[in-house]
Structure formats: structure tokens, C-alpha cells
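Enquirer: Each chain, written out:
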Amino acid sequence: MTGLKFVGTDIPSAEDLANCIHCGFCLPSCPTYLATGQELESPRGRLHLINGVREGRIEPTSRTLEHLDLCLQCRACETACPSAVPYGRIMEDARASIMANEPDEQPREWRLRAFALRNVLARPRVLRLALGGARLYQRSGLQSLVRRWVAPVLPASLRRIEASAPSLTAAPFRKTGTLASPAGAGTRVAMLLGCLHGEMYPNMHTATVTALEHAGCEVVAPPAQVCCGALHAHAGDAGTARALARRNIHAFEAAGVDAVIVNAAGCGAAMKEYGRLLRHDANWAARAEAFSTKVKDVLEFVAEQDFAHDLGPVDRTVTLQDACHLAHAQRIRKAPREILGAIPGVTLNEMANSDRCCGSAGLYSVVQPEMSGRVLEPKMAAIAATSATTVCTSNPGCTLQIENGTRRFQVDADVRHVIEVLAESIEAGRRP
Amino acid sequence: MPTNDTGPTNDPGSLIRELQEALGASNVLHEPEDLVVYEYDATIERSLPDVVVFPATAEDVAAAVRLAVKYDLPVVPRGSGTGLSGGAVPIKGGILIVMTRMNRILEIDADNRVAVVQPGVINLHLQNALAEYGLLYAPDPSSQRVCTIGGNIANNSGGPHTLAHGSTVNHILGLEVVLPDGRIVRLGGRVPDAPGVDLRGLFVGSEGTLGIVTEATLRLVRQAPATRTLLAIFDSVAAASEAVSTVIRRGVIPVAMEMLDQEIIRIVEPRIHAGYPLDAGAVLLIEVEGVPDGVAADSAVVEQACRDTGAREVRSADEAEERERLWEGRKAAIGAIGGAAPAFYLLDGVVPRTKLPEVMTQVLELCREYGFACGNVFHAGDGNLHPNIMFDPTIPGATERVLELGGAIMRACVDAGGSVTGEHGIGLEKRSYMEWVFSEADLDAQRSVREAFGPADRFNPCKVLPGGHGCASGHASEVMQHLGAGSYV
Chain X
1 MTGLKFVGTD IPSAEDLANC IHCGFCLPSC PTYLATGQEL ESPRGRLHLI NGVREGRIEP
61 TSRTLEHLDL CLQCRACETA CPSAVPYGRI MEDARASIMA NEPDEQPREW RLRAFALRNV
121 LARPRVLRLA LGGARLYQRS GLQSLVRRWV APVLPASLRR IEASAPSLTA APFRKTGTLA
181 SPAGAGTRVA MLLGCLHGEM YPNMHTATVT ALEHAGCEVV APPAQVCCGA LHAHAGDAGT
241 ARALARRNIH AFEAAGVDAV IVNAAGCGAA MKEYGRLLRH DANWAARAEA FSTKVKDVLE
301 FVAEQDFAHD LGPVDRTVTL QDACHLAHAQ RIRKAPREIL GAIPGVTLNE MANSDRCCGS
361 AGLYSVVQPE MSGRVLEPKM AAIAATSATT VCTSNPGCTL QIENGTRRFQ VDADVRHVIE
421 VLAESIEAGR RP
Chain D
1 MPTNDTGPTN DPGSLIRELQ EALGASNVLH EPEDLVVYEY DATIERSLPD VVVFPATAED
61 VAAAVRLAVK YDLPVVPRGS GTGLSGGAVP IKGGILIVMT RMNRILEIDA DNRVAVVQPG
121 VINLHLQNAL AEYGLLYAPD PSSQRVCTIG GNIANNSGGP HTLAHGSTVN HILGLEVVLP
181 DGRIVRLGGR VPDAPGVDLR GLFVGSEGTL GIVTEATLRL VRQAPATRTL LAIFDSVAAA
241 SEAVSTVIRR GVIPVAMEML DQEIIRIVEP RIHAGYPLDA GAVLLIEVEG VPDGVAADSA
301 VVEQACRDTG AREVRSADEA EERERLWEGR KAAIGAIGGA APAFYLLDGV VPRTKLPEVM
361 TQVLELCREY GFACGNVFHA GDGNLHPNIM FDPTIPGATE RVLELGGAIM RACVDAGGSV
421 TGEHGIGLEK RSYMEWVFSE ADLDAQRSVR EAFGPADRFN PCKVLPGGHG CASGHASEVM
481 QHLGAGSYV
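If you read the sequences in order, they're chains X and D. At position 424 of the first sequence (counting the first as 1) the number is 424 in our numbering, and the numbers step up by one without a gap. At position 202 of the second sequence (counting the first as 1) the number is 202 in our numbering, and the numbers step up by one without a gap.
Heads up, none of these hints are tricks.
What follows is a set of in silico ranges between Cβ atoms, one per label pair, in the way DEER data are often shown:
1) X:R374 to D:D293: 49 to 55 angstroms
2) D:D392 to X:P103: 37 to 43 angstroms
3) D:E328 to X:G429: 38 to 44 angstroms
4) D:D109 to X:N203: 50 to 56 angstroms
By construction, these hints were calculated from the structure, which means they are not laboratory data. Here the structure is a predicted model, which is why all the values come from computation and not from measurement. All C-beta atoms in this analysis are idealised placements derived from N, C-alpha and C, irrespective of residue type, glycine included.
Excised from the complex, chain D in its bound form (with noise of 0.2 angstroms):
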């Protein structure tokens, strides 16, 4: 850190003017009302930046970081703000870093695959530049319209198809940050395997806590030349988890294993009509893919696996429109809940892939005791559960419960040997159940690892990490009394 001979000044029309310098006065935001519309991201959690600025280069961040620095605030990156954990609300003000500008794809080097792109670059726009190539970037959030390719580093998102090709971290080569004293540093490279400390690797997940990505190197895949989804229609939830179990035991490893159950189909079909059937109690959306002669013998083992387990119909999809459709419903699910209960509560937690069928058990049954609806859409494959629960935060003492059993289900997660979060990252929202998932000691090496690149204050003050000098909780009922209907935790 250099050393402020002046100490930190705390003028804010100064600090204002010092940005509009740095940046360019079109490219800082600091009226009330401009600012009021970047307090949230798509949780119920709400904070005003103390102002809000757009920068096109690393050294634009560089210059913000190291102003923030000069006034002692702290820096929150942001992207699209779809986050599901809080991670982009400046809970303690501060210099909000919007990425948004930063949209370039730099350099699609197919023969190599590998892209380089800026981290305001949106995960569909990239994907839709590799088509041509007959590439693809793995990670593909159901956000994925809309979230950017540094919201995915900063949260480690999955998405379907982490199943088979694992998520974000397994697809990033380097990175180019600034750290929290402004320097530009270059981390891991174009090749896999760079020498010294895997410091890429600390950065992905890390959600905007360690530094701020300006530029991402990314390993790219291969379209596979066929493809085939699948949808398997169980009668109960039970049915269609011990199938997931059973496809992966007769050995074949789909790139997609999504179920929906009855409270999820009844909400989307509807809306979306993807074709789900209204009666069934769960389905299964699977999507196998490579070689012809590979798909058609893999999709074999997974419709008897499916028939074996109680499936009573499994239909398939080759061409890309029909495949598209049944897609299209999973991808709407957790927005067409907004249209179906005044506001849910959207859970993130992960089992082993065995522990499914006895933990959705305990799921179903924890929301019927509280006295919940609760709809499940989530990546099967993976065990990454998201328990949807739905309520009227209108009525008193609703919401405390639904947060009570929201603790309730990610305990029983934990219990299996599970986590508390599979992609949405910690954020605010679930600092508190760190301490259920490490020990004291494993939580104090991560505050070291954070405190080696600046102060805790600095960086995405109270996020993943839990205590942390001024923080509240961090827990969403810190912020209830803010709840409107028709928000979402």
C-alpha cells in the first residue's frame, strides 16, 4: 500500500471532481436520484454508492481505486447486477465501479481456443461471437443473457452444463486486475498450468474482494457435433433425484442434468409453454452430447436409467428450435416466479449427487411444516439445489420464517456434506452460514489471503467473510424492514 502523507481527505465535492477528472465527467454518477438506481442487484438487499462511476480501461479503475484509497472508501465492482447474494449492493457506500462499459471481445483465437475478453463483455454476446467458430465458453448462467463475463469470474457461476465441463474456474486462464492499492497486475496466462502461486485461481469466486478484473483470458470448448435433450417425466421428485443418481452409475456423464418439479411446471408452462406436462411431479431435462454414434448410445442408457427409476415417458429433442423450446422454460423459472407469488425466497445450497433424493425429501418436508409453497428448479447433475419459497411479505412474521427455514434447508445441506452455495456466491446474504460449512481457523487463513492484497474495508466490505469491522450480520433480515412485495431474497 503507498503510504498518504496527507491522510484521507473527506471532501465529497472534491472526491466528485478528482473522478470527473480521472474519467470524464459523463462517466460518474453522483445526483441522488442517478444514484438510487444502483443501491441494488437482484436480491432484496438495498444500499446507496456514494457515487457511481463507468470506466472504459484498467486505468480508469486504477484511477478510481487508488481516489478511493486517497478518501478512505470503500470499492464495489458491479456488472449487470443479477447477482444472487447481495454482492454488488454497497452496503457501505463508497466507489461503485461499473464494468458495463468495458463490453469488448479483444481476441477469439480459435486454433488456440482461447478469448480474451473485457469483463463487461454479456456471457450470451460471447457465446454468440464463438458460434461461428464452433466454440463455445462453458459457464452459461440461466442469466445468462444478461450477466456479464466479470460477474461469472466474481461468483464462480455454473450453469447447466457444469456438469460435465465444471464451472467458471475451470475456464479462465488469466486474468489482468487492479488490486486494492491500484496496482495493474497480470495473473496466471494464455497457457494452462502458469508458473508460482495459482494466484488466478484465488481471484475466481473471490467477488470483487481482492481486486477488480479488467481484462479475462478464457479457455474455450468445442461445440460438440451432436446434441440431444432429453425430457424425462417422473410422477415425484424422489423418482426423478434417484435418477440423476442412477444415469451417472451406469456411466454416462450428460452435459446437463436440470430437474423442475409440479410447483416449477405449473408457474412456467404456462408462460413459457416449452411443453412440460401439467401433471407430471417432476421432470428431468437432460442433454447429452458428442459424436452421433456416442449421443444415440448414451441417450439410450439415460432413458432406461429413467424408465428404471419410475420415468413414465422420456421424449427427445435433436433439432436446435425443439431443443431451444424445452431450454427456453428452464432458463424463464426463477423470473416467471416473480409473475406467480407476491415475493420467494431463492435458496442456492449443494449436496453430494447420492444425498438428492433423501435431501429434497427433507426440503419438500421443512416447507410444508413451515407452511411454505415452495417450487425446485435446479441443476440435478450437480446436487446444486435452488429451493424457491414463496410467500406474502406482507403478512406479518412471513418473512422471518421463510429466512428460518431458508437456515433450515442450507443446515440440512451441510448435514449431507453439502454447501451453502453452489454458484450464487456468498454475498451478503449467507455470511452467516461460513461458520457452518469451516472451522475458525479455516475462516481466519481466508482473512489473511484477503488482507495480503489491502485492508478488509477496502474491497467489497462485509461480503463472503463473516464479522468484519462495522459490519451488520450481513443476513437478509438485516435489511427486512426494507421489503417490498414482490422482492425476492
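With the rest of the complex left out, here is chain X (with noise of 0.2 angstroms):
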């Protein structure tokens, strides 16, 4: 027995529970029923134990919540479900009315997952820190020692851990201010540059100025802008998610701009919620609603801009992996398609399921690293498949995923966001 219950104003509610007829359509779509073939680690099953802990009539024992945290948080079931049931914030909600239990109460990975998140992502001081210690570590060469002498000695978990560290050599995106003025610009547009990011990244951001210019955008990155709060979200920390939001609400709404662009999915699905995730609070509930519809992932915005002239050529057999948080969660499937193409020498080889998760899921594969890896199985399989010789994102999380992937199943593919194609294009087009 324990003494957990839901509790706090995020319980899920039972009118979202109630569209939910068991009919289970969604088990087909669920990457963690289609790797374990068990109801427990489906869409349905998990809509039934939540309800059952409403109920008071499950136990949310660690047995229980192991089966939630199990879940991708993809949202495909949402994609399949022909009743329109939000899963994604019913589960965003279980976990926070989890979290939202007295500290000694709650599940202790889950305390210890969202303290790391609240103090390390949601602080760029320290989340600078720390990955100025890690690309110290790669430049160094120490790295390459630890590999060769250190890594045979190391439990399969760190080692895992220290062979999927994003490769850091690049130099940060770390500019605000104004990105780009074009001569008459008539848009005038905002950049999240979120956390991790830019750090990781850095070319997805240059790529998504230069597209934005090319696009006739003036472009700006404010700087009291903070992390876009998702993770914290997805593991359950409410709190946190939301004092995130507000500060971005506030420093975007500051900038004055006709849109807001997000790069990266996952950031760009949590922060066209963030009208919801603020819905009961009356001093912030409508600003974060007008504040969500300014929100565009890059490639939906660039997609209705005038973005296909002067175009050059760039020879890649591409295929495109469908961010879950862009096809499932925001419900944009023809935008990064018809930018590819739209440019001269890219051929699109589609994989199979490609609105199928990669098993990246924000900090899924650090702490599930084994489902992570059944997940990612089927989908390098899928990608050496198209023999595309580069894989199309659109989130940086799946990058990285996916990268390792081709890593551990030897896929001879480079992993580019389609901004970075574009960007690559509208250079090639600038040359004489």
C-alpha cells in the first residue's frame, strides 16, 4: 500500500477519460504495445489504469506507474483514435497530479527526474556549465581515452549513456537581439531559441534565420526568453512548466512580433498548449491563449511564405522522419514535404511508418534506454530500407536519436533538420 493518490488541480479529468470506448484502435499505433504486444503497454491500458486510479479502484503502485512511464508521450494514438481522445494531456496530467503528492510521497525516479530537469534545463547558467564540461571532455581528447580505456570497464547503462552524448565540437548558438533585417521585410518574426538546443545544434538555428530571411522575415530572439518547459511538462512538474511559460509569454509578448517560430517540435506542440496549461490561472489564462495562436514550427510557417525562389540545387537522397510532436501532436504532415520538394536535386524516398516514434521522446531514452532501443530497432530498419542517404527531422531530440541509430545499426545516413536542406539550397542559390 502506498499513499499515493492523484491530487492538485490537474487530475485528470473525466470528461477527457469518458471519450475513451476501449474500442482499441489505438493499440496498432502505440510503439510500445507493437514491441511487447501487452494491453499494459497501450494507449487503452494506460487510459484504464488512469481512470482506475481516479477511481480510487487501482493502486498507483510503482508497478502501476511503471507502466505510464513506460509511455513515448507520441501521441500516435491520438493520430488513430476516432474519438478524439486527448491522451497527451491526460497522461501530461497523471503525471502531474502524481508529482503534485508530498515530495516523500512521490515515486522517487520521478522526484529525481524532475529535480535534475527543474535545475538544470530550466537554468541556462547551469546547463551551460555543464555542457561546457562535456565539450571540454570531447575536445580534449579525453574522450577518446575514456573510450579506449575507461568505457569496457563501465555498466552497460553509462557507457550507453556516454556513447549517445550529442557531439558538442560545433561553437553554440547563443545570439539574441536582432537575427536579420532583410530590405523590406513585412514580417516580422521571433525565434525560440530554447535550451538544449542551440547548444547541441547550432546549425538549425543558423539554418532557420537563413530561411526566415529568404522568406522576407525580420527576425529577432528575445533575450529574457527561457526554456519552453515540455520536459517538465511530460515528466510531471506542472509548476515548473508553468512559471517557464509565463516568462516566455512575457518576453514574447514584449518583442512585439507577428509570429512566433519553433524549430523544434516538441517545444512548438508545449507551447501552443501553453493556453491550456495556464487555463486556471485568471491572470495569465487569456495573454497564454493569444500567445499560442503566434505560435508556427518553422517549416509550417515557411511553408506559406513565399520561400521557393532562387532556389540551388543540392544532390541528397533524403527520407523524412515525421516528429511525432509535428505529426501526431501539432498535426503537420504536408509542410516539411512540400518544402523538400520544392528544392532542385532532392529526392524524397518515403520510409514505412514514418509517423512512427524513434523512441527519442525528450528524456525517454535516457531513462528507458531498453524500450528506446526496441523502439529505435524497426525504425533504423525502416530507414536503411529507402537508402536515403540522409534523414530529414524536424526536432532535434529525434536527431540525436537517430544519429545514434545509425551509429548502433551501421546506417551509412547523415541526420539534417529539412530547415538545414533548405538552408543548404538557398545558399547554393546565392553562389554565382
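Join these two chains into a complex; the hints should help.
Expert: Written out as C-alpha cells, the structure reads:
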């Protein structure tokens, strides 16, 4: 017996849960159900567990919570669901109402995770310090020493984390203020820089600025912006997610822009849901709702602009991984294909089940490495079957996971955000 | 039945240990938090199993069945748990045998048009694998993207294309099954008309009461070279019903004739965007197949028949993408009702096709009389009705009245010369209606068959046949007290 139950203001609502009629149509869309064949690791099963905990019929033991924890929150079940069950927010609400228990009641791993997220991602200075250490580790030659001499004796889990760390050799993107102001710009947009994103994949940000400028936009990056809070919300730390949302709304409102551009699908999905996140906050609900309507994924936004002029050839055979939080959470599938289709020289070979999760899922690949690997395996097989030499993504987490996948499963392909391929084409078009 | 010298034992710990030894520890679930997600199918019936096992082979199944005999426990087979009659709900507990791991397509013999599959294969996965040979497995339930072949066999499932091709029983050549005493036997064969008593036919639709299918040999059909999907738009359900009989009277049997009434169109269209007009009283989705010239000729007959019975418009789609969009609305309809009503009761009845206009009028009148909204989406060509009664179970007395209305609609089907299930099976939910269709002597004959295979309380007890030792009436009203908002019966 535990003293745990759902408490607080985020308890999953009866109305949300009532939409589920147990038809089971979600099962074959769920990566963890496909990996296990077990109802326990399916959306229908998890909703049943959540409903049971809510009604007090099922004890939220560590075993119950483990099934909730094994959910990738990819939301593919939302696309498959004929009853429009809002699974993503039910799962976030369930996790938040477990984390709303007193700290000593909270599951230890959940508490540690929330602590780490709160004190690292949400604090740029701590994050940069940590990444600075990692960068030094990679550049100094210490990494190659460790990989040669120390890694073989490390436990498998540490070895996996060491091997899957991103390459941090490029200089981080930390510019703020005005990033581009082309002559005659008709639209003014602001960019989310994110917490890890500019540190890990600075070229995605550079490419985003290039593409937005090419589409005739003035681009700014408000310096007061912070992490979007998506990972905190996914982990049940609704308090930190809300605090970050308020700071971002404040920062971006002050910039006076037509749109807030996000080049990480997970962050964009979370920011489009700020209205819902702050719904109980009388001072912020309306502002959050208004802010959310301005949030656009970079691909969604660029595809609606005049972007296809003066593009130069890019010689790449690509396949496209639909980021879960783009395809399922934001329901955007056409924009990346329209952009790739407009680039001369690019051939798109679609992979099977391109909208199935790669197993990255934010922190998931770190906290659930075993299942993450089982989900990654069929993804890499699907990629290999296309013979593409570039895998296009729209989210840094997917990029990291698939980069790891190419090493682990010996797939000869590089991984690029769609916007990076577009930027290459823009650059090629500028050459005489 | 092998006799058990030591008699049944009751120690649950040793049962679990023995199951783990036989099937592997990771293929046995027994913790309360794990069992709870195996208490349901797609109905509101709920009952916990004592233990859940995931066999990989027929031998695994046989081992689990032998242990059930040893410990005197019921055995209930389960596929994807999408059943609509409570068939996979372990109403008396026992060992729930989940077949999802046995999901391999063992053989596709294109020249002989035969496939051999394990029962956990998902219907749509089989169709996808057959597509490259230009073949298909005809039964295509609306849940085909998730339901298993084993579940289809248990319920003798149909689907839109049953009209032309027949239901599951017409497509099973042979079966390997585990009997209630643990023997593994083969029924039927690989060619049509195996000699001896047709036990294969007996097993199809037996809802897991006679044994468990561990392998199936399926008859395949050729994909037609040309297919056209017509959408005929009517002002009323009665006119659309009339069109169904008129089409067939004029000598054309389309491969599918599906009806969606206004209530359903208004729920489905905004979500699925299939292209059904929101102001239509009913639409018929009609599919014609064959060689291109034949399709053209047949569709002309269909179109004229629809216009003569009052269709205000008939659209047609030849391209796969357009046709799939029209079908998408039909396939997602039942699920979409979940988002539109707090709860609904999905019925499954059959009437002779020619009685369709009069029974549909009766159905709508009964719903009005009881004061419930009702959406109809069904296999009109087969006379297989699916009224969906929408209601709010939190209103006191609503559920009882809905069940009463369901009974009245079933009664109307039987009175019109029809039956109480077209394809969903009897399961728990409709046991009590069996007496409307069969005499006591008829039912006794069915009981004798069941008992010839094993004791009635071993394999899926309290299912299909009314009565039974220690069984509640089995009607959904028995579990009404557990009715949560949003569930459907």
C-alpha cells in the first residue's frame, strides 16, 4: 500500500477520459504495444489504469506507475483515435497529479528527474556550465581516452549514455536581439532558441535564420526567453512548466512580433498548449491563449511564405522522419514534404511508418534506454530500406536519437533538420 | 478427458509457478495491477482473470489448458480485445490466453490462393501482405486495423464485403485447435470439402467455447481488376433502404452496400472529412468490382436504381485515394460516436434485406418513443443493422431504459424473421436473446455439441448459450452498476 493518489488541480478530467470507448484502434499505432504485444503498454490500457487510479479502484503502486512511465508520449494514438481522446494531456495530467503529492510520497525516480530538469534545463547558466564541461571532455582528447580505456569497464547503462552523448564540437548558437532584417521585410518574427537546442545543434538555428530571412522576414530572438518547459510538463512538473511558460509569454509579448517560430517540434507543441497549461491562472489564461495562437513550427510557417524562389541544387536522397510532436501533436505532415519537394536535386524516398516514434521522446532515451532501443530498431530498419543518405527530421531529440541509431545499426546516412536542407539550397542559389 | 488422480488443486502460487515453467516467466502476468487491463474488451463488461498468459506455440497453449484442467479453472481466449459482445471477458476468472504473440503469417500460397496464419495476425497486416500478390482475405471488419484473425474466426466476423464474399466461415479451409483436454488436433484441410464431419464449420463462430485456434488455413480471393465506389445521397433512411433491395432486384450484387444515417453523418463528417453531405437524410456507400466493362455496366444499374428510389445525387470514385477517403468515414464511424455522446449502446441485428425499410422505420420510431438519439451505420446489403443508441449513463434510469430499448429493437429484428447478431457474436451480452431465436430443443442440441468437447464451465463459460452453472443472466444489465461514463455496451 502507498499513500499516493492523484491530487491537485491537474487531476485528469472525467470528460477527457469518457471519450475512450475501449475500441482498441489505438493499439497498432502505439510503439510500446507493438514492441511488447501487451495491453499494459498500450494507450487503452494506460487510460484504463489512469481512470482506475482516479476512481480509487487501482492502487498507483510503482508497478502501475511504471506502465505510465513507459509511455513515450508520442501521441500517435491521438491520430489513430476515432473518438478524439486527448491522450497527451490526460497522461501529462496524470503525471502532474502524482507529482502533486508530498515530495516524500512521490516515486523516487520521478522526483529525481523533476529535480534535474528544474535545476538544469530551466537554468541556462547551469546548463551551459554542464555542457561546457562536456565540450571540454570531447575536445581535450579525454573522450577518446575514456572510450579506449575506461568505457569497457563501465556498466552498460553508463556506457550507452557516454556513447549516445551529442557531439558538441561546433560553437553554440547563443545570439539574441535582431538576427536578420532583410530590406523590405513585411513580417517580423521571433525565434525560440530553446535550452539544449542551440548548444547541441547550432546549425539548425543558423539555417532557420537563413530560411526566414530568405522568406522576407525580420527575425529577432528576445534575450529574456527561457526553456519551453515541454520536458517538465511531460515529467509531471507542471509548476516549473507553468513558471517557464509565463516567462516566455512575457518575453515574446515584449518583442511585438507576428509569429513565434519554433524549430523543435516538441517545443512548438508545448508552446501551442500554453493556453491549456495556464487555464486555471486568471491573470495569465487569456494572455497564454493569445500567445499560443502565434506559435508556428518553422516548417509550417515557411511553407506558407514565398520560400521557393532562387533555390539552388542540393544533391541529396532523403527520407523523412515525421516528428511525433509535429505529425501527431501539431497535425503537420504536408509542410516538410512541400519544402523538400521544392528543393532542386532532392529526392524524397518515404520510409514505412514515417510517423512512428524513433524512441527519443525527450528524456525517454535516457530514462528508459531498453524500450527506447526496442523502438529505435524497427525505425532504423525502415530508414535503411529507403537507401536514403540523409534522414530529415524536425526536432533535435529525433536528430540525436537517429544519429545514435546510424552508429549502432551501421546505417550510412547523416541526419539533418528539413530547414538545414532548405538553407543549403538557399546558399547554393546565392552562389553565382 | 484425462482423469486427474490427485483431483483439482487450488494453490494459486503453484499454478503461477507451473505456468511460468511451461511458458517462461515473462509470458505470465499475475500482479493485480497487470491483470486489471485484461478485464475488458470493447464492451462495458468487466471481469478480472486470475492469470494472463502469452503463448508462442500450440504446445504453449496446450500446456496452459492442461494446467487449467489440473487446477479446475476456466480458460478464456483473447485476441486484440476489440470484441463487441463481451466474448473475451473472463466472467468467471481463470486463465486468459492472449494470442497476440502468435502473430506470424506462416505461408502465402498464391497459386492455390491459400494462406496459413497464426491466430494473432492482425487482419489488416494480412491484407497488406496479400496485396503484393493481388490477393485478399475477404472478411474485413471495421476494426480490421487491430482485430485478429483468431477473433474473426471465433465470432464468424463479417464486414462490408461480406455481401459479395460471405463471412469468415466461407473463408476458412482448415484449423489447428487445442481442445479443452489439451489435445492438439487439425480440422478441415487445405482443399475445400475435407471428408468426415465438418468440425471446421462447427468451430467458426463458436466464440472460444469449444477450444482455441492455434493456426488457420485461409481461402483467399483475387483483387478485382477494377473497383468503383459510389456514394448515393438520399433524403431519408427509408428511401435509402428501398434502394438496397431495388439494386439487388435488378440483378446486381455489389461487393458492399453500407448505410450511414444523418445522425452518424453529422458526427463523422466534421472529424473525418470523408465528403458526406451534412444535410443528407442517409447515404449509401456502394462498391462495385469486376472487369472494367462489367464495373461500368453494373454501376450504371446501381446508379439508376438509386435515382429511381429517390437519390438526389450519386457520386462515384475510381481512384484508390478517393475511395479510401469515402470508406474512412465508414470505418471510423463507431469510434467517432465515443467523442459525440457520453455513452452509447451499439446493437447488432439482422433482418431479411426486403424488410429493411419497415424495420428501420420501426427502429427510429422506437428510439423516438424511448427518447434517445440513435445513429445508424450498417451493412445494409446484408440487412445487418447497427443502431447506436446514445445516452448519458449518469442520468438515473437511463441505462436501464437503453437496455430495454435494445431488447425491443432486437425483438423487432427477430419478429421480422431475422436474428440477434450479424457479426459481433453473442458473447455475454446477448445470451438471453438466444431464446427468441431458438427453441429449448435447438439450444439443447447446441449444449450437447459443446459438452462433447469438454465440460461447459471450462472453455469460455457463461458465453453464447443461456443458463449455465453459476452464470448470471449475462445481460449487460448485470454489470450496470460498474457502468462508467463513456463506456458503451
